[in-house]
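When you get a sec, could you build the whole thing from the sequences and use the hints?
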Amino acid sequence: MKKITIDPITRLEGHGRIEIFLDDEGNVANAYLQVPELRGFEKFCEGRPVEEMPRITPRICGVCPSAHHMASAKATDAVYHVDPPSAAKKLRELYYCAHMCHSHIAHFYALAAPDFVLGPTSDPAQRNILGVIAKVGLEVGGEVIKHRAYAQDIQAVIGGKATHSVCGLPGGMSRAITEEERADFEEKAKSMVEFAKFSLKLFDDVVLANKEYLDIITGPVYTMQSYYMGLVDANNKVNFYDGDIRVVDPEGKEVSKFKPADYLEYIGEHTEPWSYLKFPFLKKVGWKGLVEGKESGVYRVAPLARLNVADGMATPLAQEAYERMYQTLGGKPVHATLATHWARLVELMYAAERLLELCQDKEVTDPNVRTIPTATPDEGVGVVEAPRGTLFHHYQTDERGIIKKVNLIVATGNNHAAICMSIKKAAQGLIKAGNVVSEGLLNMVEMAFRAYDPCLACATHSLPGQMPLEVIIYDTKGNIVERLSRNLS
Amino acid sequence: MKTLVLGLGNPILSDDSVGFRVAQALKGRFDEERVTVMETSLAGLSLLDLLLGYDRAIIIDSTQTGGRVGEVYRLNAKDFDTTRHAASPHDVNLATALELGKRLGLAVPKEIIIFAIEVQDVTTFSESLTPMVEQAIPQVVEMVLEEMGS
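Protein sequence lines, in the order shown, are assigned to chains X and B. Under my numbering, the first residue of the first sequence carries the number 2, and numbering increases by one thereafter. Under my numbering, the first residue of the second sequence carries the number 501, and numbering increases by one thereafter.
Incorrect hints may appear among the rest.
Said to hold, decoys possible - Using 25 Å as the maximum straight-line C-alpha spacing, the simulated PhoX-like pairs for lysine-lysine come out as follows:
1) X:Lys147 x B:Lys502
2) X:Lys147 x B:Lys527
3) X:Lys254 x X:Lys333
4) B:Lys502 x B:Lys527
5) X:Lys295 x X:Lys333
6) X:Lys162 x B:Lys527
7) X:Lys162 x B:Lys502
8) X:Lys212 x X:Lys191
9) B:Lys602 x X:Lys147
10) X:Lys260 x X:Lys136
11) X:Lys147 x X:Lys238
12) X:Lys198 x X:Lys238
13) X:Lys260 x X:Lys212
14) X:Lys333 x X:Lys238
15) X:Lys136 x B:Lys602
16) X:Lys254 x X:Lys212
17) X:Lys90 x X:Lys162
18) X:Lys147 x X:Lys136
Hint data in this document are derived by calculation from the structure and do not stem from the laboratory.
Okay, here's the thing in structure tokens:
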């Protein structure tokens with residue numbers, strides 16, 4: 002059997018690796034995502050006051066610190082059995098919508114767009130954000146930077162710091178915002194709505210207008226039948242900050258809807274000897290291995306999953322974009338993994354519109370943003386939708402609020418099985434007996450993985466500050482036959 | 501001339517915090533009008549935002565190249581040109597971010613110096629450094645001070 006590994010070129014620890022095993026005929030037998038283990042997180046947290054968790058957990062990952070901050074703040078609310086005032090919840094959601102804008106803009110323009118604006122088989126030296134702006138115009142690059150900065154400013158003002166925020170406390174927020182700040186946010190949010198509209202239009206012009214790209218998106222190589230999970234509000238619309246967790250089957254039918262605190266009743270975690278990262282699955286369906294379909298408990302999270310589980314979007318322009326996406330792709334649910342990029346832009350539209358709504362809600366300047374906890378702390382769960390999927394924080398403390406146990410299920414954990422399966426499927430479709438694995442082909446395999454925007458051991462920022470990948474081919478005896486990498490030379 | 505001295509890393513992931521530690525040791529050592537000392541866990545486009553407006557940036561970060569632990573390398577932004585791929589699942593790398601800033605006509609620092617410290621452990625959650633990396637701190641501090649004096 003041959004084995005292909007997509008491996009970090011710099012051999013940095015803390016980075017992922019994709020391994021692809023070939024059979025004797027040179028076809029793909031199996032494919033796995035290997036994630037290096039970060040050790041000792043639970044031990045690091047034990048013995049610390051639970052209210053410190055919203056400041057510790059964002060350090061796990063430098064990419065979505067605000068998602069951890071919010072999930073953690075909500076978990077501390079639950080630990081202390083305290084309900085934050087309405088203004089605090091709105092302020093948190095406003096902050097969180099800014100975070101979604103910030104993250105989704107970066108993913109689309111820096112990571113998704115290069116594959117479509119320049120083409121999946123284009124020269125990797127050009128297939129990046131620089132190539133994108135060279136093609137669509139410098140001014141678009143300026144708009145990307147400007148709107149990311151707007152989103153960052155909003156998070157910095159509310160959060161107290163630009164990234165690792167300090168605003169979320171058990172029972173609410175550390176401080177309210179002023180009318181002047183609100184008015185400034187409102188102007189930025191208006192601009193964000195326009196930019197989201199522009200981004201959807203760009204997707205239309207560049208991706209949807211190109212039949213070849215649409216065929217890639219909807220083709221069998223990138224399609225996978227699975228369950229989907231995501232937060233919905235009381236009307237079953239997508240919500241990033243709060244709500245119930247809804248699960249739909251591969252036909253789009255609701256199979257579960259539950260409170261975040263009950264997650265352990267619905268989610269099991271399968272382990273494999275070859276991976277430290279667990280494989281969450283739906284308990285009611287059961288773990289049947291890395292297989293797709295209704296009989297398998299594998300589920301997916303992230304933008305496409307959120308849209309698949311919801312009955313729609315809570316804001317008008319996002320709803321319009323949502324309907325257009327499902328009409329174009331043949332109805333709900335959509336199983337085309339690469340449609341995640343489109344779903345991400347629909348969500349950008351929603352995040353921007355919801356941001357504006359909240360900025361125009363005068364209650365966000367209400368100074369009452371904290372309910373002081375009075376109950377004895379014990380245990381609590383906090384859930385938000387991170388940009389890349391559902392994020393669970395679960396803490397247990399002693400009666401003084403000192404951490405005894407921590408359990409996190411991060412977005413990429415939820416998607417772990419699906420990512421392995423998507424890579425395998427893409428590899429099977431693209432690597433056939435006798436064909437030479439080219440750089441372009443390698444990128445087509447990576448595209449399956451990139452759609453999930455996976456968060457691996459991304460807490461490390463060691464130089465060169467990125468996660469390069471490499472492909473290695475192994476034979477049936479486990480020998481390396483070929484190593485395909487983007488060489489540094 | 502405005503200079504940014506920036507410690508990069510993760511303060512709770514063992515040796516990945518070395519950039520933070522060096523930055524902390526450098527606080528109060530410069531004229532605050534001209535030199536800003538900062539720590540951050542940001543990368544890519546977000547890092548670009550931080551660098552804008554400075555004439556010169558001195559970045560301190562951990563690295564793993566297979567060299568001797570505790571060794572310090574003085575690099576410049578050009579040394580990262582060859583890794584200009586959008587392979588990161590989240591963001592662009594430093595070279596790409598800087599190039600983007602230049603093309604957009606943003607106030608990117610004219611000079612960027614990177615001190616990279618060869619580290620051992622960046623996968624264990626801890627606020628401590630491994631001994632060889634801990635021992636390297638005074639040397640890195642000296643190197644930055646020397647750089648600033650020149």
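Outcome of the hint check:
no.	hint	result
1	X:Lys147 x B:Lys502	23 Å, holds
2	X:Lys147 x B:Lys527	30 Å, violated
3	X:Lys254 x X:Lys333	10 Å, holds
4	B:Lys502 x B:Lys527	16 Å, holds
5	X:Lys295 x X:Lys333	15 Å, holds
6	X:Lys162 x B:Lys527	19 Å, holds
7	X:Lys162 x B:Lys502	22 Å, holds
8	X:Lys212 x X:Lys191	33 Å, violated
9	B:Lys602 x X:Lys147	15 Å, holds
10	X:Lys260 x X:Lys136	46 Å, violated
11	X:Lys147 x X:Lys238	29 Å, violated
12	X:Lys198 x X:Lys238	20 Å, holds
13	X:Lys260 x X:Lys212	42 Å, violated
14	X:Lys333 x X:Lys238	14 Å, holds
15	X:Lys136 x B:Lys602	16 Å, holds
16	X:Lys254 x X:Lys212	30 Å, violated
17	X:Lys90 x X:Lys162	19 Å, holds
18	X:Lys147 x X:Lys136	19 Å, holds
Hints 2, 8, 10, 11, 13, 16 from the list above are not met by this structure, while the remaining hints are.
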